[in-house]
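Taken in sequence, the protein lines are chains A and B.
Residue numbering for the first sequence follows my numbering, beginning at 2 and increasing consecutively.
Residue numbering for the second sequence follows my numbering, beginning at 8 and increasing consecutively.
Calculated from the structure, these hints are not laboratory results.
All values reported here derive from a predicted model rather than from experimental measurement.
It is possible that part of the hints are untrue.
Selected chain B positions facing chain A (Cβ under 7 Å, derived; list incomplete) [said to hold, decoys possible]:
id	residue
1	43
2	165
3	184
List time: in silico PhoX-like cross-link candidates among lysine-lysine, alpha-carbon distance up to 25 Å [unchecked claim]:
id	chain 1	residue 1	chain 2	residue 2
4	A	65	A	169
5	A	137	A	65
6	A	137	B	110
7	B	143	B	110
8	B	143	A	153
9	A	228	A	153
10	A	153	A	137
11	B	186	A	200
12	A	157	A	137
13	B	9	A	169
14	A	32	A	22
15	B	110	B	261
A virtual CB, placed ideally from N, CA and C, is assigned to each residue, including glycine.
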Amino acid sequence: MSLNPKNSVIEFLNEQRGIVKSRTGGWFPGKGVFCHGYSMMDELVGEKSYFQVLILNATGKMVKRPLADWVEAIYICLSWPDPRIWCNQIGALAGTAGSSVVAATAAGSLASDSRTYGVRPLLDGVAFIQNAMEQKRSGQSVDSIVDAECAKHGGKPHIVGYARPIAKGDERLEAMERVSEQLNFTEGEHLSLAYAIEKNLRDRFDEGMNINGYMSAFLSDQGFTAKEVYQMFSLLVMSGVTACYLDTYDRVPGAFLPQQCRDMDYQGAQPRQVPDP
Amino acid sequence: MKHEHDEVRSRNESFSDRVVTRIWDEEPCPDNPYLANTNRCHGYDLVELMEKRSFVDVFYLLFRGELPTPEESKILETLMIGLINPGPRHSATRAAMNAGIGKTDTLHILPISMMVLGGAFADAGVIEEGIRFLRKQRRNDPSEVAGRLLKESEPPTEGDRILAPGFGSLYGSVDPYSKNLVNTILELPGAGPVVCWGASFANEIQSNNLGWLRAGVAAAVFADLGFQPRAGGGLFQLLNAPGLLAHGLELANKPITAMPFIADDHYVIES
């Protein structure tokens with residue numbers, strides 16, 4: 002079918018056949034396990050924390066222990082055992098249905114790849130604050146940065162990282178500010194701008210920063226890109242999902258939020274006869 | 008520096024008391040409100056559907072709300088057969104095989120491979136954009152659209168060229184599988200305007216070694232059948248699912264040595 006006598010794609014792919022090329026590492030029986038240039042058994046196990054290695058695998062960067070501890074604290078903040086949260090409810094439903102704990106945790110974690118909550122909005126959160134930083138550096142005021150963003154949403158303060166569904170305010174901010182202080186982090190320029198945006202939104206719209214806004218600004222100050230932040234938090238909600246799974250798995254099967262037929266509000270077509278094809 | 012934040016308080020949003028569905032009506036048994044005596048899909052009794060209609064008809068009904076015409080049903084059935092298996096070399100199938108050979112719980116083969124099939128380069132992740140592209144362009148001259156897109160981008164130095172969502176090269180050439188699938192659909196009386204437009208567009212780009220990709224064919228048929236763009240990716244996963252499961256199960260009882268394990272001297276760590 003090819004009209005191209007010299008198909009460069011075939012040549013390229015032929016060079017890759019039967020070969021694994023890794024920019025990450027690998028296991029060579031008898032020689033060791035290697036991870037981004039480190040010997041895992043000699044230089045990582047017992048030497049670095051799990052979150053240092055997690056960040057290494059997610060970004061290629063070996064961060065210092067305090068930053069890894071900070072990320073670990075965020076993992077605690079972002080995963081709580083309340084089955085009313087959508088990803089957690091998937092875990093609870095998997096439990097009441099008798100799925101395996103791994104299936105439940107993977108399913109709930111996958112749910113957090115959402116446009117509305119969980120991990121994916123971090124892409125927009127980091128992009129927003131880094132873009133806002135560029136605007137500030139070029140002389141824009143916080144007012145005009147907020148105005149421009151609100152204009153994209155019909156004048157409403159729907160800025161990723163600010164405001165929050167279900168509740169106003171975010172109890173995780175003060176907890177993480179305490180962690181940052183304990184770990185001796187100082188406020189960087191992205192975080193300062195985020196606080197200024199929060200103040201602006203509070204004064205004008207009665208809306209504040211949420212944990213996404215805080216994480217996005219803090220991690221921007223640490224030099225991470227939006228993509229790296231998304232990658233670091235791929236299993237952010239897993240722990241709460243596991244907890245919600247177990248809470249229902251260990252009870253009577255099918256007893257989690259049972260629904261009667263009429264608990265569904267059917268608003269579709271009325272009963273009708275099936276026509277012959 | 009201490010910063011002031013909002014006090015945490017509920018927005019007191021008004022949530023629905025019940026989930027609304029327009030798809031399925033369960034009529035409860037008189038003596039047990041949890042058991043459904045009758046199940047209706049968009050108003051049709053499921054038992055009556057079993058007796059009178061094909062699986063493809065009811066599949067269409069489930070997503071579209073109305074039963075298909077015989078022509079629409081035939082088009083969908085043809086696409087379902089065409090997409091029933093992405094083939095043993097596809098990344099999603101190989102993921103299914105890894106689950107199978109690795110003795111992963113066989114219940115997980117399908118979800119694992121479905122996730123891989125969600126890829127945004129050429130698979131389910133392309134369909135939504137593909138439907139939008141086709142719906143937007145179908146009133147434009149395919150020759151003009153092709154000429155513009157060919158001018159707007161350069162072929163990559165390595166790998167395949169994607170000219171538009173669902174259209175490009177596969178292994179450097181026009182994909183004969185997708186082309187044959189489209190040709191089969193085009194011969195049917197129900198072939199729709201989007202597939203016809205896509206075929207003209209594919210003809211215009213063929214001399215550049217570009218053409219239909221499987222995702223493009225699916226997107227075009229879905230658009231003709233009236234499926235919404237956001238439904239397209241999941242439907243593509245569903246239609247490819249049988250092949251993924253079959254290949255995973257095929258390896259589930261075989262020893263772990265029945266699949267290649269790349270030797271250390273073919274494993275290169277790049278700096």
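Verification of the hints:
1. The interface hint given for residue 43 of chain B is met, as the beta carbon of that residue sits about 5 Å from the closest beta carbon of chain A, less than 7 Å.
2. Taking 7 Å as the C-beta contact cut-off toward chain A, the hint placing residue 165 of chain B at the interface holds, the least distance being around 5 Å.
3. The restraint placing residue 184 of chain B at the interface with chain A is violated, with a minimum CB-CB distance near 10 Å, outside the 7 Å limit.
4. The straight-line distance between the Cα atoms of residue 65 of chain A and residue 169 of chain A is roughly 34 Å, outside the 25 Å bound, and the hint therefore fails.
5. Taking the CA atoms of residue 137 of chain A and residue 65 of chain A, the gap is about 29 Å. The hint is violated against a cut of 25 Å.
6. Our distance criterion of 25 Å between C-alpha atoms is broken by residue 137 of chain A and residue 110 of chain B, whose separation comes to about 55 Å.
7. For the suggested pair residue 143 of chain B and residue 110 of chain B, the alpha carbons sit about 46 Å apart, so the restraint of at most 25 Å is broken.
8. Pair hint residue 143 of chain B plus residue 153 of chain A holds up; C-alpha atoms about 23 Å apart against a cutoff of 25 Å.
9. The suggested pairing of residue 228 of chain A with residue 153 of chain A holds, with an alpha-carbon distance near 23 Å, which does not exceed 25 Å.
10. Proximity of residue 153 of chain A to residue 137 of chain A is assessed by CA-CA distance (about 18 Å); at most 25 Å being required, the pair is judged to hold.
11. Only pairs whose Cα atoms come within 25 Å are accepted, and residue 186 of chain B paired with residue 200 of chain A is rejected, the gap being roughly 58 Å.
12. With a C-alpha separation of about 21 Å, the suggested pair residue 157 of chain A and residue 137 of chain A falls inside the 25 Å cut-off, and the hint holds.
13. Of the pairs offered as hints, the one joining residue 9 of chain B and residue 169 of chain A holds, with about 19 Å between alpha carbons and a cut-off of 25 Å not exceeded.
14. Distance restraint check for residue 32 of chain A and residue 22 of chain A: the Cα-Cα separation of roughly 18 Å lies within the 25 Å cut-off, and the hinted pair is therefore satisfied.
15. Between residue 110 of chain B and residue 261 of chain B, the direct Cα distance comes to roughly 9 Å. Compliance with the 25 Å bound is thereby established for this hinted pair.
Violated hints, in rising order: 3, 4, 5, 6, 7, 11; the structure is consistent with all others.
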